[in-house]
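J.: Sequence:
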Amino acid sequence: MKIKTKKKTALILGVTGQDGILLSKILIKKKYDVHGLSRSKYKFDSIKKKYLKYIKHYKCDICETKKIIKLIHTIKPDEIYNFAGVTDLKTSEKDKNYTLKVNYNCIKIILDQIYSKNNKVKFFQSLSSEMFKKNIQLPKNIIDEKSRLKVNNFYSLSKIKLFKYIKNLRNKKKVPIFCGFLFNHDSFFRDKRFILKKISNHLKKNILKRPMKIQNLYFRKDISHAENIVEGIYKLMQSKIPSDVVIGSGQFISIKQIITLFLKKLRINAKWKKSGKKIYLKNVVNSNILFYSSNKIELNTVLVANPLKLQKISSWKPDPNIKKIINDLAL
Numbered sequence: 000m001k002i003k004t005k006k007k008t009a010l011i012l013g014v015t016g017q018d019g020i021l022l023s024k025i026l027i028k029k030k031y032d033v034h035g036l037s038r039s040k041y042k043f044d045s046i047k048k049k050y051l052k053y054i055k056h057y058k059c060d061i062c063e064t065k066k067i068i069k070l071i072h073t074i075k076p077d078e079i080y081n082f083a084g085v086t087d088l089k090t091s092e093k094d095k096n097y098t099l100k101v102n103y104n105c106i107k108i109i110l111d112q113i114y115s116k117n118n119k120v121k122f123f124q125s126l127s128s129e130m131f132k133k134n135i136q137l138p139k140n141i142i143d144e145k146s147r148l149k150v151n152n153f154y155s156l157s158k159i160k161l162f163k164y165i166k167n168l169r170n171k172k173k174v175p176i177f178c179g180f181l182f183n184h185d186s187f188f189r190d191k192r193f194i195l196k197k198i199s200n201h202l203k204k205n206i207l208k209r210p211m212k213i214q215n216l217y218f219r220k221d222i223s224h225a226e227n228i229v230e231g232i233y234k235l236m237q238s239k240i241p242s243d244v245v246i247g248s249g250q251f252i253s254i255k256q257i258i259t260l261f262l263k264k265l266r267i268n269a270k271w272k273k274s275g276k277k278i279y280l281k282n283v284v285n286s287n288i289l290f291y292s293s294n295k296i297e298l299n300t301v302l303v304a305n306p307l308k309l310q311k312i313s314s315w316k317p318d319p320n321i322k323k324i325i326n327d328l329a330l
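Just so you know, numbering that gives the first Met the number 0 puts 110 at position 111 of the sequence shown, and the rest follows in order with no gaps.
Some clues are possibly wrong.
Straight-line C-alpha distance at most 27 Å; calculated DSS-like pairs for lysine-lysine [unchecked claim]:
| id | residue 1 | residue 2 |
| --- | --- | --- |
| 1 | K264 | K322 |
| 2 | K281 | K212 |
| 3 | K322 | K139 |
Derived CB-CB ranges, DEER-like [stated by the list, open to error]:
| id | residue 1 | residue 2 | range |
| --- | --- | --- | --- |
| 4 | G275 | T90 | 28 to 36 Å |
| 5 | K5 | K204 | 46 to 54 Å |
| 6 | D32 | D143 | 31 to 39 Å |
| 7 | A329 | K107 | 36 to 44 Å |
| 8 | I27 | G275 | 52 to 60 Å |
| 9 | N287 | K6 | 51 to 59 Å |
| 10 | K270 | K204 | 18 to 26 Å |
| 11 | D32 | K273 | 56 to 64 Å |
| 12 | S314 | I74 | 25 to 33 Å |
| 13 | K58 | K295 | 46 to 54 Å |
| 14 | V150 | Y57 | 30 to 38 Å |
| 15 | K49 | K239 | 30 to 38 Å |
| 16 | L330 | D111 | 41 to 49 Å |
| 17 | K270 | D111 | 54 to 62 Å |
No lab work stands behind these hints, which were simulated from the structure alone.
Even glycine gets a Cβ: it sits at the ideal position worked out from N, Cα and C.
Start from the sequences, fold in the hints, and give me the full structure.
T.: This is how it looks when you write it as structure tokens:
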């Protein structure tokens, strides 16, 4: 006789973002009962609706902490994943008070309320590679869980404050909170504010009114396909012992290399031309200037993930799959 196992329930905060959508796909395949929360119930396109139609969706801002706690007590999730809050540097610097509120204060309130009632529900908090200290004397910094943290900007400040609070709460109450230091990751669902999405959207336009400026063509980043990162998050949460892990590819690529891959995928015949202090990407067919940047080669100190810890505690493996990212964004 087959014994029926209890269906797991998950709640995703920030479900309409890239990571929330991709995680919901994984959880649905795993037969979870999936609930999702976002600021607007209707502010997503038909493509996102296709992927979110199998979840129970609620309109709720992360700052509506009383409403969230009531929802948690009602649905009684086994796992909670938090992707909500300010995620880009430009917004965080523009509105520092709001960034601190949504990335730290509101999450702190929610965690306090959850673990005053239930010390068993698992909670995942997304953190960032922006939180780590850079050694600018080295062209490449290998980052793992023992690497030093540093306030590099206001976004990292909000995340470091939250991380310190989580560690303290976990030590005091032995609660199952898991943290992932996420490195750059992209997919079809990436927000248009981010550089790869901007590049792909720019190249897909039939008529270019003006070329796009790239601040530093030679800027390098550790980047993965978001599906791989989210798979790592899910596998982390299946661990019995709460931990903090670095999740990234362990490889890096430059913006110029990424543009070259986009050109190949979109079959655009273009060549880089140097003129004085600037470098231009010129469409050979119609002579349009697609991109321009400084001609000076400026190699940044690139932070590269060492995700060995997550590999040891789970069956997850890093997979940058940059070509899959290009294929997704070129659609």
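J.: The structure should be examined with respect to each hint, and the outcome stated for every one.
T.: Checked hints:
no.	hint	verdict
1	K264 x K322	holds (9 Å)
2	K281 x K212	holds (13 Å)
3	K322 x K139	holds (23 Å)
4	G275 x T90: 28 to 36 Å	holds (34 Å)
5	K5 x K204: 46 to 54 Å	holds (50 Å)
6	D32 x D143: 31 to 39 Å	holds (35 Å)
7	A329 x K107: 36 to 44 Å	holds (41 Å)
8	I27 x G275: 52 to 60 Å	holds (54 Å)
9	N287 x K6: 51 to 59 Å	holds (54 Å)
10	K270 x K204: 18 to 26 Å	holds (19 Å)
11	D32 x K273: 56 to 64 Å	holds (58 Å)
12	S314 x I74: 25 to 33 Å	holds (29 Å)
13	K58 x K295: 46 to 54 Å	holds (48 Å)
14	V150 x Y57: 30 to 38 Å	holds (34 Å)
15	K49 x K239: 30 to 38 Å	holds (35 Å)
16	L330 x D111: 41 to 49 Å	holds (42 Å)
17	K270 x D111: 54 to 62 Å	holds (58 Å)
Checked against the numbered hints above, the structure violates none of them.
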